[in-house]
Amino acid sequence: MRVMIVSLLAGLSMAGTALANGLAPLEPGEDMPGGTATHAKVINRDAFSHFSANMSFAKEMDFKVGNGFFRRLWVTAPSSTKAADGLGPLFNARACQNCHLKDGRGHVPADGEEGVSMFLRLSIPPQTEDQKSAIAQGRANIVPEPTYGGQLQNFAIAGHAAEGRMTIRYQEIPVALSGGEKASLRQPSYAISDLGYGPLHPQTLISPRVAPPMIGLGLLEAIAEESLIARADPEDKDGDGISGRAKMIWGQEEGKLMLGRFGWKGGNPTVKQQSADAFNGDIGLSNPLFPANSGDCTGAQKACLDAPHGGDDQYAGFEVPANVLDLVSFYSRNLAVPKRRDASDAQVLRGKQVFNQTGCASCHTPSHKTAQRADMPEQSDQLIWPYTDLLLHDLGDGLADNRPEGMASGSEWKTPPLWGIGLTQVVNGHTQLLHDGRARNTLEAILWHGGEAQTARDKVVSMPKADRAALIRFVNSL
Amino acid sequence: MKRFVMVAASAAVLLGAGQAGAAGVDKKAVLTTYADIAHAKYEDSLIAAKQLKVAIDALVAAPSAETLATAKAAWIAARVPYQQSEAFRFGNSAVDEWEGKVNAWPLDEGLIDYVNADTYGTESGENPLYTANIIAHPKLKVGGKNVNASKIDKKLLAKMHEAGGVEANVTTGYHAIEFMLWGQDTNGTGPGAGNRPASDFDTKSCTGGNCDRRAAYLVTATDLLVDDLKTMVDGWGAKGKIRAKLLKGKPDSGIATIVTGLGSLSYGELAGERMKLGLMLHDPEEEHDCFSDNTHNSHFYDAKGIQNIYLGKYTRTDGTEVKGPALADLVAAKDTALDGDMKAKLDATMTAMGVLVKTAEGGEAYDQMIGAGNSAGNAKVQAAIDALVAQTRSLEKAVAVLALGEVKFEGSDSLDNPSAIGK
Chain A
1 MRVMIVSLLA
11 GLSMAGTALA
21 NGLAPLEPGE
31 DMPGGTATHA
41 KVINRDAFSH
51 FSANMSFAKE
61 MDFKVGNGFF
71 RRLWVTAPSS
81 TKAADGLGPL
91 FNARACQNCH
101 LKDGRGHVPA
111 DGEEGVSMFL
121 RLSIPPQTED
131 QKSAIAQGRA
141 NIVPEPTYGG
151 QLQNFAIAGH
161 AAEGRMTIRY
171 QEIPVALSGG
181 EKASLRQPSY
191 AISDLGYGPL
201 HPQTLISPRV
211 APPMIGLGLL
221 EAIAEESLIA
231 RADPEDKDGD
241 GISGRAKMIW
251 GQEEGKLMLG
261 RFGWKGGNPT
271 VKQQSADAFN
281 GDIGLSNPLF
291 PANSGDCTGA
301 QKACLDAPHG
311 GDDQYAGFEV
321 PANVLDLVSF
331 YSRNLAVPKR
341 RDASDAQVLR
351 GKQVFNQTGC
361 ASCHTPSHKT
371 AQRADMPEQS
381 DQLIWPYTDL
391 LLHDLGDGLA
401 DNRPEGMASG
411 SEWKTPPLWG
421 IGLTQVVNGH
431 TQLLHDGRAR
441 NTLEAILWHG
451 GEAQTARDKV
461 VSMPKADRAA
471 LIRFVNSL
Chain B
1 MKRFVMVAAS
11 AAVLLGAGQA
21 GAAGVDKKAV
31 LTTYADIAHA
41 KYEDSLIAAK
51 QLKVAIDALV
61 AAPSAETLAT
71 AKAAWIAARV
81 PYQQSEAFRF
91 GNSAVDEWEG
101 KVNAWPLDEG
111 LIDYVNADTY
121 GTESGENPLY
131 TANIIAHPKL
141 KVGGKNVNAS
151 KIDKKLLAKM
161 HEAGGVEANV
171 TTGYHAIEFM
181 LWGQDTNGTG
191 PGAGNRPASD
201 FDTKSCTGGN
211 CDRRAAYLVT
221 ATDLLVDDLK
231 TMVDGWGAKG
241 KIRAKLLKGK
251 PDSGIATIVT
261 GLGSLSYGEL
271 AGERMKLGLM
281 LHDPEEEHDC
291 FSDNTHNSHF
301 YDAKGIQNIY
311 LGKYTRTDGT
321 EVKGPALADL
331 VAAKDTALDG
341 DMKAKLDATM
351 TAMGVLVKTA
361 EGGEAYDQMI
371 GAGNSAGNAK
381 VQAAIDALVA
391 QTRSLEKAVA
401 VLALGEVKFE
411 GSDSLDNPSA
421 IGK
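Here the protein sequences come in this chain order: A and B. If you read the first sequence in the working numbering, its first letter stands for residue 1, the second for the next number, and so on. If you read the second sequence in the working numbering, its first letter stands for residue 1, the second for the next number, and so on.
If we strip away everything but chain A, and leave its shape as in the complex, we get (with noise of 0.2 Å):
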């Protein structure tokens, strides 16, 4: 069936009529965004925990390894297993994977739940020239809050307050739209409550964050970053409206400054250091990159500070030693993209078609070729489609968390890949996206952006029905 509806497009194609009807033809490897690492295994709520299908078998190990400390459980220090102790004091999570559910996308607590998958960053505006030009230069991300630190954790290990909790307030907002269709947009208001160490510091910044899912992490990572880069245009030279604005910071292993790949705002450069600091900041665990055994804890809390920790001489004094960050990264760096369902498919096709047509390609890059990369290679040397040119864009006051990271303003957000985001509902079992999950379905998250995106939003508006429809078809086969 494929086969016929592919030749029949390469005969339009021939014809000089494919764009006329309007289809976009399908292109060569469009259905294994993950080139030979994608996986074609079953779709169901294991989509996502799969590894990189051209991974070699001697390999399995330590990816299956890798996923046993994904999962586990991490305790109070101290305990009898001196190797998974060292929890906290203060966290968001006792594991990966409670985050990371199934290896997926994080969704807003539900009504009454404490909230797991989804929690608050913080900081304050730079207080001091120092701070400035350490944040200016990308040798940091953001002053820490004084108080709670850089993000809030809303659990403790027994003995201990925990900081607080985040509780979210939603707005409807009415969007009309072409052919008499219509939408609801749900504006978020943050705040916290049960604050457990005292007042906030009154310039606070809050920035709500949902675990992102895990999938083709370490096929972004292979990106050659001349390449990202080259493709930024911080001037907007050539006048399209897009601008995207190279996310540097600094690599703390490779001591240089690199490009911010990974978290919303383009936070860390690499898959080990944004793990290394997902371990630090959300479990409270130390390892070589982020030594501090306490975590986020600061020196306002100094029961925290002083309490137990699991750093044990025998992993030199880590919680998490090299090897394990080790096989954590390597198991975040080959998730498997799943295999796409029905890229050839008529109506996904016309949606590719408006989807280029409309300006989302123009930030949401569908394709690129890693590079040759000895020491990754599943992810070495494969054409990849993420739709992401993992560049900063300013999406407008929207969906502005006004909370700088780094070089990226209050309203600017890299671009994230859009591979994996139709397997959502399968995998995760809702559909909320975007920084905050606010978005609850694909049509919403479109509607949310502004700024540099504002004119292909407005587009989606007013655009035919069927049009619309097709469009989102085709970010949900994807």
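Within a straight-line C-alpha distance of at most 27 Å, the following computed DSS-like cross-link-like pairs (lysine-lysine) qualify: (1) K241(B) / K159(B); (2) K245(B) / K41(A); (3) K101(B) / K141(B); (4) K339(A) / K250(B); (5) K339(A) / K248(B); (6) K323(B) / K343(B); (7) K313(B) / K27(B); (8) K59(A) / K343(B); (9) K41(A) / K27(B); (10) K397(B) / K41(A); (11) K250(B) / K323(B); (12) K237(A) / K459(A); (13) K141(B) / K155(B); (14) K397(B) / K59(A); (15) K339(A) / K245(B); (16) K230(B) / K155(B); (17) K101(B) / K339(A); (18) K239(B) / K41(A); (19) K241(B) / K41(A); (20) K250(B) / K41(A); (21) K139(B) / K101(B); (22) K28(B) / K323(B); (23) K151(B) / K230(B); (24) K159(B) / K41(A); (25) K151(B) / K50(B); (26) K323(B) / K50(B); (27) K28(B) / K41(A); (28) K101(B) / K41(A); (29) K313(B) / K334(B); (30) K230(B) / K41(A); (31) K256(A) / K369(A); (32) K230(B) / K248(B); (33) K339(A) / K241(B); (34) K41(A) / K248(B); (35) K239(B) / K27(B); (36) K369(A) / K339(A); (37) K358(B) / K343(B).
According to the in silico footprint, chain B covers these stretches of chain A (three or more CB under 8 Å from chain B): (38) 39-49; (39) 66-76; (40) 108-118.
Read the hints as simulated data drawn from the structure, not as lab findings. In this text, a Cβ means the ideal position worked out from N, Cα and C, and glycines have one as well.
On the provided structure of chain A, position chain B as indicated by the hints.
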């Protein structure tokens, strides 16, 4: 005429060299043996699960130390054929899809029943169901939505499995039943398994509260296990869909499925996730059959299953044998020495696994063997890991001589044949 003679002569030489035959081993016949063994293992598992059900019915009808001990013994016996079937995972997609509800592990047992807060902890508020205790709560909340748990039935257990997307929320399968029979193991790396009293199921003099619901849970989970195993028996039967899919495909692709299962279980799953991780952590919770302290058998029969699939010879629970042309014959036809090496490596693994069984039967359980500071115990477990790794290396050589490399991945129209696509 001359040519005919030559062919006949060489055939005779090859026949003399072994059972493989001049024309090589029929790959379809190898696949048929494989499917026959699968059917036999799942049928043995089903029979054993039905016996487990009988024992559990007796326990619930008249809870006593004796009926509980009988039920535990039936569970241990039920693991013997099932663990030998695990090598059918990792390749047969129908088995992979099915397996999670039957053998999921590890599990946060607090979702199912009461636990000791001192050893289990209550602080995992971030798995909202960590201490949900289905047995004690006829009303539950999952993701902000109310779940009516007033009736403990198959539907409820299936619904709560992996609730909230947390993989440790296991409500069904062998390990849920294991927890129901043994209770939580609160001994750390010290001696002793779980120690649930039979009175936990006694509605007249109930301990632990909600004995009627606990009994209903145990019975329901066992019924579900029987149902699930029946699905596999049917799937591998003479007219089963899983067998048909395997036999109707390209023979090489079927052989690749066999090898993928043997290798993946040996290496990543058993040597890696189930053994190496626990040894690195020295953690009693990283024990596959942790409530019953039956992990040594669990590992032993996994390895046994790998060996008997390679050899194409499975001894059923009732002592009868299922055998036929096997992967071993295919490898031997290409490279007799390699087949010999593979068999020796499989034997070495069984010897190393035998040491674990013997040590456990001698009173030192698997979770003690992986304990910190137990260098002798650690070394025994490491030896079994090394043996599994070594047999996987030989298996990789076998894959090379069988020239199966190209069938490893499912293809893509657009990558395999870009010229067919209009650009």
